[in-house]
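In order, the protein sequences belong to chains S and R.
Heads up: the first sequence begins at 2 in the working numbering, then just goes up one per residue.
Heads up: the second sequence begins at 0 in the working numbering, then just goes up one per residue.
In short, the hints are calculated from the structure, not lab data.
Straight-line C-alpha distance at most 25 angstroms; calculated BS3-like pairs for lysine-lysine:
id, chain 1, residue 1, chain 2, residue 2
1, S, K328, R, K455
2, S, K328, S, K349
3, S, K143, R, K455
4, S, K328, S, K360
5, S, K36, S, K360
6, S, K604, S, K581
7, S, K36, S, K328
8, S, K209, S, K286
9, R, K455, S, K36
Now for the letters of each chain:
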Amino acid sequence: MRAWLKRCVVPSALIAACLPIGACFSLNDMDQDVKHENLVQDWRDEMIYQILTDRFANGDTSNDWGLHPGDPARYHGGDWKGIEDHLDYVEALGVTTIWISPIVKNVDSDASIDGYHGYWTQDFTALNPHFGDMAALRSMVKAAHARNIKVVLDIVTNHIGQAFFYDINGNGVPDEAVWGGGYYGAEGPHPLEHRMEYDPDFEEPYVKARTSLGEAGPAPIIFVYDAASNHIPPLCDGCPDPGLFLRREAYHLQGRVWNWGRDECCYYRNNGLPVPPNFNCDPVKDLSSIVCDQVPHGDFPGGLKDLNTENPAVREALQYAFRRWMKLVDFDGFRIDTLKHVEHDFWKDFAPKIRAYAKDLGKQKFLMFGEAFTGFDPMLGSYVAPGEVDSVFYFSQKYTVFDGVFKGKAPTSNARQLLRDDRAANYDAVNPLEQVDGAGQPPSKILVNFLDNHDVARFLYGEPSLVALRQALAFLYTEDGIPCMYYGTEQNFAGGNDPANREDLWATSFSTSGDTFQYIRSLTALRKQHDALRRGDMTFRLEDRAGPGILAFERSTGNERVLVVFNTHDTEARDTVGNKPDDAPNAPTGAMVVGFGDGTVLKDVLGGAAPVTVGAGSTLQFSMGPREVRVLVQ
Amino acid sequence: MHSSSRTALRAALAGLALTAACFARTAQAADEDTSKPAPAPAPPAEGTAPAEPPAAATPTPAPAKPATPTAAAAAAPPKEEPKEAAPKSNAPPGEEAEGFHFGSYGRVRAATDMRGGGPQYANIVAHGSRLDSEPYAELELRNTQYPEKGMRLRVISTLAFAGDPFHYTGKFETKLAIRNLFVDVRGIGLPGLTLWAGSRMYRGDDIYLLDFWPLDNLNTVGGGAILDATKSTRVQIHVGTNRLIDGSFQYQERQLPSPTGVGSVSAQTLNRPRTIVSGKITQFFPDNQARQGFKVSLHAEGHLLPSGVLESSTTTVRSPTYLPADNGFVIGAQATPYGFGDRDGFAHLFVRYARGIAAYGDLSTPFGLNGERRASGASEFLVAAASNFQVDRFAVLTGAYLRRFNDASSAVYSVNKFWEGILSVRPYVYTSEHTGIAVEGSYQYRNANVLDNWGKHRVPQVARFSLLPFVTPWGWGTFRRPILFALYTATARNESARLMYPTDDPRSTRSVEHYVGIGAEWWFNSSSYP
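Hey, can you work out the whole structure from these sequences and the hints?
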């Protein structure tokens, strides 16, 4: 019997003995506590590459849920594994930092449009499963860091996804209603009014309940529950007050922005400043609360509910959520969404605490740059005031210089005006110093320069001029600040506005042989080679005040000087003759005067043009072909 | 055991079955049957394999459990069918009589979670404890003929019902499937050759405690041959197909403009059956007539899937999705000593490796495909064991497996790359001739190569203890049926196991789950299997 007993027991005992084998997974230490590295010496050395995670590369087909590859507003399959798999592509381009889409779990789909971009937060503390898990994210960051590529995380504090609807008519379901008779009677007009309870128009002081008998106080809010599309109430696991986002106090509840206001008016009103007389702001049309309160307090179009960031509990929750990600993943900075939709007091509270936490983690030079979608430079500059963010996304430059000077036909002097004169007024005057425990440079030295991004049409859209693109890229990588390039620029993507500007990069097979890719590669290499291009002062030398033409500036350190010259004219060659930046308004043009000594021979390290020699009095005159760029060094 | 009471019970049950099934079984045959000594318990492993419905979905995405089980294939000597001798028949001695026969497998339970709710199931592995099985029944109708001496012809159909019965739901609805619908004929060509064709649950030995056929479990429409080449060697081959109605992988039906010019007609625009070829050779030592011996089986499968084209939208015109041809294979082996102990002793050891589409099982739509939409790269490795040992009034059943699954995706970290395992042990003691009590202890875990949102590598684990007092009308034997039983199960989950469930699922907060119930399980006169 004993023998039979053995026969019987041995197989199962064997399996029992084997069971622990299943515990033997190699997680490559991804489950260990994150060690925070300090890879950034100076953010001016960095070159950012913006990645829309869903559109960059699909490296993990196991998370391909609900893909609609043919529809630009739906998930396409990109993920963190895809980024990790193609870091060699990023590295080949020469960029040094990647900025990735928000990582948190989103409302999956709303009105058949997906949260593939990441800006529809549903759970502040869960990862978006379309992009991978914590191991995949950490692995990607670790792999990037191993190549000395830093990773910046996109975060959103202004709003969450489509969490609830305003039950305006009190029937408990989200309606689209039409009010009014649409006629003009003796008692007055009764215009038709369309109301959508998911996304009603902004009103003061809150979205009101209504019946046919009139207003009835604040409209109740009802949270949606549709697990299939992850339309479920917002979550924040571990937050100090986990139920906060289920209560009214967490939101402004004023409805969707329908009047974006004039930034040059509302900026002054909302900050209690006198409006300069030349802005001609109408007290009612441009400065009333119904106009200027919409941006900071209104829901973002699409039903994205605006958080009540004045509420200390909301601030505490957001602090908790984003500190948590800093601890769990070794990010090197935050790109912050919708800066101007949140009050300055919030940033003065949020940013220093984040910096202090980074310091506690041992993370130095943690960069926070924000997106204030405005071309109004004073407004942009206001967000880098002491205690606020380190830098902003330089929208005013995008409009004035890249769209105006390089893509349009604006005078090249506009670049000098913005980058030198306005910058001094709007940034250096606001905050000449680096933020305490911040990114390590004064804001005006680390503005994040860009041609285009996921919220605007691509540079090549509409007027697909590759030569203009290359000039713009040359400017991007030779001016001061931090260059930031949107993925796909290197592949000549030319999509229009969102979502057409969010193409699948994998459609290009990640080719590195294209002319634009190679051109960018040469620019990033130049920037790496020349300290002056990264850290040098920027001195404008020549400009054209009438239209397209010559634009010249120098970048210089104590040891090196680089002269960069553009001819922005599409068809005409131009001599390096024009106005000096400090010329009086009607001053005559003259030859360019540079910072190099007489007789210095300068060679073009970008295009390989023939060397030129600095003449007497440090003048330098030569002819530039249409759309030519030269980067001249001694 | 008192033979008189056994005889009476057998008579009552047989009569009940016959009446309920309205079968043309003669009263004389039934009388004869009841007058005989009690039939021997089902041979080892054979009859230990009651069919069941597809497994309940596991909380995390996992390859679907092979979904259409049946009774186990012969592990040991050929099953002895109840003798129903028909006068003037060509039926060989010891074989069932000509005519219609009824067989059944079933299980029903009523249970509570002791918190005012119904039973909450707790398995976290693909093939967990059988105690979590939902009600299920098979009704088998079989016609057997002996056209001439040496030849047997059978038409077999098995109707299966899954889910809670009417008296629980109050609804006239049930999940219904035809699990067997085939004809087999023995004795044409070679004496030991059986040919079959039709729709068939086609499989070998199982792990009773886990309700799992670890080596071979195929569900196809096709045909095959079983050759008992010698008394010690059995060779089986089979080819069959299935084409799942999955809507996106094997099958798509669309509305197309009618050729008449008016209205629409439906057409199968994606229709790519999977073809499965299998072969199995079993060697018995000393031979298949021996009450005690040893057998070894080698099993192999080949899976082929042709290419197809999927329309990604049925309401808009889009670029179609090309689905490439795919394939896969299985190789496996089994070693089984049997016939030891006082009753039906056996010990199975299985090893199986599958690759490609075969790694997902024949009734699953592959997921986590690679960038070419193929399953190449997917794999499953399995080691499993089961045993039965009975001495006097004591018995012990065991079951266990360890499984490694990798989907075909290029992911390194994925919920679809995991190890899982379970060990279950159920000792019995018979307290009288018709009563007994069993206890069952089991442990299971699932270890996926993934971190949670906190960066933790979680390994869900479940440990269970169960108590089963039972009534066994046919006396002692772990595979004697029917049984009536009461059941108490306490299931302990670790935090990781609780986190496998959605927040509002009660199991997400219960570290200990209770399950109290009563139930019954039976099988009788089921068709023989290869």
